[in-house]
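Chemist: Protein chains in written order, with our numbering: chain D, 1 to 276; chain R, 1 to 276.
Derived by calculation from the structure, the hints in this document are not laboratory data. None of the values given here were measured: they were computed from a predicted structure. Glycine is no exception: its CB is placed at the ideal position from the N, C-alpha and C atoms. A portion of the hints provided could be inaccurate.
[What the hints assert, rightly or not] Dumping the calculated DSSO-like pairs for lysine-lysine here, alpha-carbon to alpha-carbon at most 30 Å: (1) D/K44 with R/K113; (2) D/K44 with D/K26; (3) R/K26 with D/K207; (4) R/K91 with D/K26; (5) R/K91 with D/K44; (6) D/K276 with R/K44.
[What the hints assert, rightly or not] A partial selection of chain D residues facing chain R, derived with a Cβ cut-off under 10 Å: (7) R16; (8) I54; (9) P260.
Protein chains: 2
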Amino acid sequence: MRNLNQDTITQAVLARLATTTDPRLKEIMTSLVQHLHAFAREVKLTEAEWLQGIEFLTATGQMCDNKRQEFILLSDTLGLSMLTVAMNNDKPLGCTEPTVFGPFFLEEAPRFKLGDDVANGAKGEPCMVRGTVKSLDGTPVPNALINVWQADADGNYDVQYTHLAHPQARGILNADAEGKFHFRTILAEAYPIPSDGPVGKMLAATKNHPWRPAHLHFMIEAPGYERLITHVFRDHDQYLDSDVVFGVRSSLIADWVKLPDGTYSLEFDFVLNPLK
Amino acid sequence: MRNLNQDTITQAVLARLATTTDPRLKEIMTSLVQHLHAFAREVKLTEAEWLQGIEFLTATGQMCDNKRQEFILLSDTLGLSMLTVAMNNDKPLGCTEPTVFGPFFLEEAPRFKLGDDVANGAKGEPCMVRGTVKSLDGTPVPNALINVWQADADGNYDVQYTHLAHPQARGILNADAEGKFHFRTILAEAYPIPSDGPVGKMLAATKNHPWRPAHLHFMIEAPGYERLITHVFRDHDQYLDSDVVFGVRSSLIADWVKLPDGTYSLEFDFVLNPLK
Numbered sequence: 001m002r003n004l005n006q007d008t009i010t011q012a013v014l015a016r017l018a019t020t021t022d023p024r025l026k027e028i029m030t031s032l033v034q035h036l037h038a039f040a041r042e043v044k045l046t047e048a049e050w051l052q053g054i055e056f057l058t059a060t061g062q063m064c065d066n067k068r069q070e071f072i073l074l075s076d077t078l079g080l081s082m083l084t085v086a087m088n089n090d091k092p093l094g095c096t097e098p099t100v101f102g103p104f105f106l107e108e109a110p111r112f113k114l115g116d117d118v119a120n121g122a123k124g125e126p127c128m129v130r131g132t133v134k135s136l137d138g139t140p141v142p143n144a145l146i147n148v149w150q151a152d153a154d155g156n157y158d159v160q161y162t163h164l165a166h167p168q169a170r171g172i173l174n175a176d177a178e179g180k181f182h183f184r185t186i187l188a189e190a191y192p193i194p195s196d197g198p199v200g201k202m203l204a205a206t207k208n209h210p211w212r213p214a215h216l217h218f219m220i221e222a223p224g225y226e227r228l229i230t231h232v233f234r235d236h237d238q239y240l241d242s243d244v245v246f247g248v249r250s251s252l253i254a255d256w257v258k259l260p261d262g263t264y265s266l267e268f269d270f271v272l273n274p275l276k
Numbered sequence: 001m002r003n004l005n006q007d008t009i010t011q012a013v014l015a016r017l018a019t020t021t022d023p024r025l026k027e028i029m030t031s032l033v034q035h036l037h038a039f040a041r042e043v044k045l046t047e048a049e050w051l052q053g054i055e056f057l058t059a060t061g062q063m064c065d066n067k068r069q070e071f072i073l074l075s076d077t078l079g080l081s082m083l084t085v086a087m088n089n090d091k092p093l094g095c096t097e098p099t100v101f102g103p104f105f106l107e108e109a110p111r112f113k114l115g116d117d118v119a120n121g122a123k124g125e126p127c128m129v130r131g132t133v134k135s136l137d138g139t140p141v142p143n144a145l146i147n148v149w150q151a152d153a154d155g156n157y158d159v160q161y162t163h164l165a166h167p168q169a170r171g172i173l174n175a176d177a178e179g180k181f182h183f184r185t186i187l188a189e190a191y192p193i194p195s196d197g198p199v200g201k202m203l204a205a206t207k208n209h210p211w212r213p214a215h216l217h218f219m220i221e222a223p224g225y226e227r228l229i230t231h232v233f234r235d236h237d238q239y240l241d242s243d244v245v246f247g248v249r250s251s252l253i254a255d256w257v258k259l260p261d262g263t264y265s266l267e268f269d270f271v272l273n274p275l276k
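In isolation and in its complexed conformation, chain D is listed as follows:
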């Protein structure tokens, strides 16, 4: 392996991978190297552009901490997240469709009881959310574990504030034995993804806006069912057709009804896919 040139180096790198004993790792690395090299060759990447790429990836990693995940943002805005979700969630017709996970989920969220206000002080119009978790055949799924999280009226998740004393607008609760759940929160609003990092610069350079249509995140788990990661989107949002992370599905758009007292109400049922 000496004197490799642009025509021989890809095969040399692939030959180096031949020693990989884990077959799946070998498959992934082989495909990755081929596409990485094909990309560089196709655009005839210059050395200056290569260095810009190195600096972009470095800055993306350095933007990450336990509350900010810039690489997930990058994956989301390049459509890789939604592609991965789509490839891995070929659920039967009738199941609630999944969408992107996003970068703002926290493992450690506060527990709530049905009827509680998960907003926990977050700014926004009051909103009541109700629904039922069901199986594909329409029977209720009892006691499903529901994670819910969302941005506030200013478009920020709690983790984007540096001095909050406790989590806001996120929580974990269980549906009841009949699959029913209800909780109070705030009205979801459209918001821009954080644009003060490398991903924001990329969007600006490609003349794309950083906005997501208003939505409420859900992760729903129950024994015997596939985990569901999804959103409910707010109808009539101006960004439904240009979501910066490509996540909108018509079946996930719901009417958030304004009641006579000025508060909002959302009703949405979730249909889980039974494990085979």
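For this one, chain D is given, so just place chain R on it according to the hints.
Modeler: Just chain R, lined up with the frame of chain D:
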């Protein structure tokens, strides 16, 4: 752009890039998205593998600081660096061949005079390096600016030590009016690239060693000539055919002669490519 699935999302992301006004950026992003998606589709990337990838890239970025560049190591070990060098340095026959830049160059290196010891206290067998910087037609290139850097006898660059008072085994000097240069340093030895980070884990997982054959780095600049970034490798090194970064060229291998007094001598001439 709603209801995107695994068959339609790539076109949707490409359509989003249509607004990019910089034609080169548009070309690069379009190719990048196509190859990124093709990779994910080809291996049918799972959601768990996607998250592993996110975590790998995040850790790679977080390993970087002003003395450690883990993304360059990643590019080097995936053969991307050498591919980029090869594509962009199609020099005429007779010119010194370039090779990878590596992650250990520093902009701020000490200045030396001809004959000085650039080792500056670094551990290793004493070695004298001599040569001439020439043009393609054999005429000397006067006063070329020469950056030189290398690892010590323990296989470490100065930046890998945390408590050094000053740079070691790196420096900047000028060839004389006849193109001649000479300086003292230490014998180059084979060494493993840093393996305490994500790249080291990747090499271990693919059952590859992290070693580079012994070499001395050069960056040579002179007005009217293409900048040359290269190494001189030590003949008979056991890693010449398995360099972890794919950088060895036969024309860059030289005999480092052991003299009767136990010190070493290297003679190597560099041929620069005149700018058109």
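Chemist: Take the hints in turn and mark each one as holding or not.
Modeler: Structure-based check of each hint:
Annotation: proposed proximity of D/K44 to R/K113 is violated, straight-line Cα distance about 39 Å (limit 30 Å). The straight-line distance between the Cα atoms of D/K44 and D/K26 is roughly 26 Å, inside the 30 Å bound, and the hint therefore holds. Between the alpha carbons of R/K26 and D/K207 the distance comes to roughly 11 Å, so the proposed pair stays at or under 30 Å and holds. Restraint check for R/K91 and D/K26: the C-alpha separation of about 35 Å exceeds 30 Å, so the hint is violated.
Restraint check for R/K91 and D/K44: the C-alpha separation of about 16 Å stays at or below 30 Å, so the hint holds. Our distance criterion of 30 Å between C-alpha atoms is met by D/K276 and R/K44, whose separation comes to about 20 Å. Against a cut-off of 10 Å between C-beta atoms, the interface hint on D/R16 holds, since the closest Cβ of chain R lies about 6 Å away. Taken as an interface hint, D/I54 checks out: its beta carbon lies about 5 Å from the nearest beta carbon of chain R, inside 10 Å.
Checking D/P260 against chain R by beta carbon gives a least distance of about 32 Å; that is not within 10 Å, so the hint is violated.
In this structure, the hints that do not hold are numbers 1, 4, 9, in rising order.
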